[in-house]
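S.K.: Based on the hints, put chain B in the right spot on chain A.
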Amino acid sequence: MSNLKYRIALILGLAALSLVALTPRNTIERVKRADGSIGFDTVKRVPLKRGLDLQGGMHMTLELDETDRAIADKSDAIDRSLKVVRTRIDEFGVSEPVVQKVGSDRIIVELPGIDDPERATQVVQKSAFLKFQITDKTSALERVASRLDGIVREKKLGTRTVTAAGDTANAPGLKALFSDTGKRADSAATATDGPFSRLIQPTGVPGIYAVMTTDMAELDSYLKNPDIQAALPPGKEVRWGADTLVTAGRAVRSLYVLDARPIITGDYLTDAKPTQVPIEGTVVEFQLNNEGGRRFRVETGKHVKDYMAIVLDDRVMSAPVIQSAIGTRGQITMGGGSLQAASDLALVLRAGALPAPLRVAEIRNIGASLGADSIQAGITAGLIAISLVITIMVGYYRFSGMLAIAGLVLYVLYTMAALSLFGAVLTLPGIAGFVLSIGIAVDANVLIFERIREEIVHGKTVRTAVEEGFRHALPAIIDTSVSTALTAVVLYQFGTGPVRGFAVTLLAGIAASLFTAIFVIRTFYLIWLNRNRTAEALSI
Amino acid sequence: MYRILHDTKYDFIRWWRVAAGLTIAFIVVGLVALVLRGGLLYSVDFTGGTVMQLTFTQEPDVQRLRTALVAGGLHGAEIQEFGSKTEYIIRMQGDTSSAGTEVASQNVRKVVAELVGQDGFRVDRAEVVGARVGSELRRGAILAVLISFAITLVYLAWRFEWRFGLAAVLATAHDIIATIAFMAMLRLEVSLTVIAALLTVIGYSLNDTIIIFDRVRENLRKNRKEALYDTLNRSVNETLPRSVLTHATTLAATAALLIFGGEVIRPFAWIMSFGIFTGTFSSIYVASPILMYVEQRFPRDPDSKGARAATVSPAQAKVR
Chain A
1 MSNLKYRIAL ILGLAALSLV ALTPRNTIER VKRADGSIGF DTVKRVPLKR
51 GLDLQGGMHM TLELDETDRA IADKSDAIDR SLKVVRTRID EFGVSEPVVQ
101 KVGSDRIIVE LPGIDDPERA TQVVQKSAFL KFQITDKTSA LERVASRLDG
151 IVREKKLGTR TVTAAGDTAN APGLKALFSD TGKRADSAAT ATDGPFSRLI
201 QPTGVPGIYA VMTTDMAELD SYLKNPDIQA ALPPGKEVRW GADTLVTAGR
251 AVRSLYVLDA RPIITGDYLT DAKPTQVPIE GTVVEFQLNN EGGRRFRVET
301 GKHVKDYMAI VLDDRVMSAP VIQSAIGTRG QITMGGGSLQ AASDLALVLR
351 AGALPAPLRV AEIRNIGASL GADSIQAGIT AGLIAISLVI TIMVGYYRFS
401 GMLAIAGLVL YVLYTMAALS LFGAVLTLPG IAGFVLSIGI AVDANVLIFE
451 RIREEIVHGK TVRTAVEEGF RHALPAIIDT SVSTALTAVV LYQFGTGPVR
501 GFAVTLLAGI AASLFTAIFV IRTFYLIWLN RNRTAEALSI
Chain B
1001 MYRILHDTKY DFIRWWRVAA GLTIAFIVVG LVALVLRGGL LYSVDFTGGT
1051 VMQLTFTQEP DVQRLRTALV AGGLHGAEIQ EFGSKTEYII RMQGDTSSAG
1101 TEVASQNVRK VVAELVGQDG FRVDRAEVVG ARVGSELRRG AILAVLISFA
1151 ITLVYLAWRF EWRFGLAAVL ATAHDIIATI AFMAMLRLEV SLTVIAALLT
1201 VIGYSLNDTI IIFDRVRENL RKNRKEALYD TLNRSVNETL PRSVLTHATT
1251 LAATAALLIF GGEVIRPFAW IMSFGIFTGT FSSIYVASPI LMYVEQRFPR
1301 DPDSKGARAA TVSPAQAKVR
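Chains as they are written, first to last, in the numbering used here: chain A, 1 to 540; chain B, 1001 to 1320.
Only chain A is shown next, with the shape it has when bound in the complex (with noise of 0.2 angstroms):
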């Protein structure tokens, strides 16, 4: 018989391809050495991933944040953003990681194996938009002081509610901003009685001033305020120091007035390194083409004796005094930071500033640990299920009962090469998701052997009742599989993350199940008939 012969290497071949597919291979991947280092090395695996929740990790959604302003190509902030956000992310060091827009403005950071989400995140949010400003020279913030004071009086902002919430940022190993200068934040302290000016104290260095850390939330609400920003010096800029620093036993936070136009942004900038230097302690070097290095001479040349506030995500890091032209090299002081800290400022750096701020809409962080436990629990789950399936079928249905475990056999491995060859994670609802179609395999079956059953009753021979019982029984095979992979694929469609991987793995299931019911079985019996031509009963 041609036909089975046909049949038997159909189901031999898809076998073998599945063996094929699911054979460790050797894949050359990105991983961390032991020694922390990132590089290309071969692997040997199976090649059906895992997902986050199965090896532990970091899911991150990232959104553009619109709360200061509104973006006006929201897709092309995305799709730029995108790049940053991959540029970051493959110099961070983690095997595998997945960047990928989803939507039409989002984007989603995947991190396997990741033990400090905290970081990550830090180093995917941080704008990294560094600007080098001149501080102001023109006392612009004490012309309008009075102006200032006035508007607090008259607008009632003062309702002095000053909390002490900001005060506890006095951490150690601060950089000594007014080194600089040599003059102690409040020797020169021409404090008027304005509820404004009172909060600030000259440094004695143009454009640099001294905040009390415990003044700082409610002079940060002055500042806020539309009336107030109405009335600051035009063309000028205030922004805070990056760090706290504790001069005579008081915690001060310095405030800048700089002029707005930079004199340089970021955009020149080719590479940056963190090293660390005896005096300033720990630094991010860094380099800038010569575009910028020929204007950053020529505007350092014209400002000599001035103070540069190098300015990064609108903090001040660091503004020291220029002592004479600077041509494409650089440093940005990181004050009692840490080496990792610097290197990470270096990386966002290099990778060049977000387009647009973004803000985390989700983080899922699954540890490692959580993910074996889950993954050994699945497998004890799904072989108990199977063997209770076993159990039930063979002592049932007897010979045609092994038929169907042999069935069911190709079924898993069909299933899982499937999963494999269209790249599907593996999720631990996915997993579950594979047990349910397990369970749809085994009512293919079951529909199959019980028609049998009643065409064996009612006299017909064993060979007809085979094929009246297959017959009869694929409608409703047919109507339930394809009701049940339409909901999968709707599940897909809306789903997010583990729900899709739920969504696939059913898919797979169902489409294996319907080819192991109505096609395997049957050769399986068409095998057994021809050998036994005469068989007058069936052991179902």
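Calculated from the structure, these hints are not laboratory results. It is possible that some hints are incorrect.
Below, simulated DSSO-like cross-link-like pairs (lysine-lysine); rule was C-alpha separation at most 30 angstroms, straight line [unchecked claim]:
| id | chain 1 | residue 1 | chain 2 | residue 2 |
| --- | --- | --- | --- | --- |
| 1 | A | 74 | A | 224 |
| 2 | B | 1225 | A | 460 |
| 3 | A | 83 | A | 49 |
| 4 | B | 1009 | A | 460 |
| 5 | A | 460 | B | 1222 |
| 6 | A | 44 | A | 74 |
Rough simulated footprint, nothing fancy, chain B against chain A, three-plus residues with beta-carbon under 8 angstroms [said to hold, decoys possible]:
| id | stretch |
| --- | --- |
| 7 | 70–83 |
| 8 | 226–240 |
Glycine included, every Cβ here is placed at the ideal spot set by N, Cα and C.
M.R.: Chain B alone, transformed into the frame defined by chain A:
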């Protein structure tokens, strides 16, 4: 050949009123529980918020942990034992700003580290979901259910007849409501995985209804004179061995998940197990009575009683 429930003649349909009363009572109890508890318990997937799963090296003092969290400014944190005495889940819901929730998860780490020391615990899982993402997910889930209904209705109308489609979809809707009542009773949290389970229940229940309807379709064709009541009864009886066997095997599989699948998969397994039960029930006692009711209200053309379901449509002809 060993056969169970062979050639049975149970009058299943006779009990439909009793069955309807039981299921209504079950649903009412569930919905009362739902109202008393102030609605369904949504996970942070849907409300936005923070969930952290911590494993401690030693059994922690929950009371002290709670006090420490409140002192750390984390009000409304819900602490719950998870699987064992050293594993805990901390939930903070509904913080609207994503920046706020992110900070919350860091603060929990800080507070717990102060309490038991940096090496005294391990964060197994930390999930932070912004409120906007949550509400979108909720909309997506509802949309998914409605769309799958619409598609099923169209598919069954094409393969069978509109009245079969309607009965099947209403039976499935019953299963969803019953499952929600069940979730309210068990205080199961609505999460993404639970939604997946719910959608699987829909698929399973449809499966079962379709298999019985397939028999009804066939029997209507064979015995055109028979009353629908008898046809339904006969179809349920004829599919009984299959029903028992299939449900037994799938229940065995979900029971294995329930017992051995671990804490994470447990809500999923609960809903699946219940879904198998209610899906079976509704095929017999919800779908069939509805089919009879529709038959009474909109009788088929008397000349061709049962003929429409009986005629082989072109689509069926292809399959056969």
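S.K.: Confirm or reject each hint.
M.R.: Do the hints match the structure? See the list:
1. The suggested pairing of residue 74/A with residue 224/A holds, with an alpha-carbon distance near 26 angstroms, which does not exceed 30 angstroms.
2. At roughly 26 angstroms between alpha-carbon atoms, residue 1225/B and residue 460/A fall within 30 angstroms of each other, so this suggested pair holds.
3. With a C-alpha separation of about 25 angstroms, the suggested pair residue 83/A and residue 49/A falls inside the 30 angstroms cut-off, and the hint holds.
4. Between residue 1009/B and residue 460/A, the direct Cα distance comes to roughly 23 angstroms. Compliance with the 30 angstroms bound is thereby established for this hinted pair.
5. Between residue 460/A and residue 1222/B the CA atoms are separated by roughly 18 angstroms; this keeps the pair inside 30 angstroms, and the hint holds.
6. Simply put, residue 44/A and residue 74/A have alpha-carbon atoms about 42 angstroms apart, too far for the 30 angstroms limit, and the pair is violated.
7. Counting residues of the stretch 70–83 of chain A whose C-beta sits closer than 8 angstroms to any C-beta of chain B gives 0, which falls short of three, so the coverage hint is violated.
8. A count of 0 residues in the stretch 226–240 of chain A with a Cβ less than 8 angstroms from any Cβ of chain B is obtained; the coverage claim is therefore unmet, three being the minimum.
Hints 6, 7 and 8 from the earlier list are contradicted by this structure; the remaining hints agree with it.
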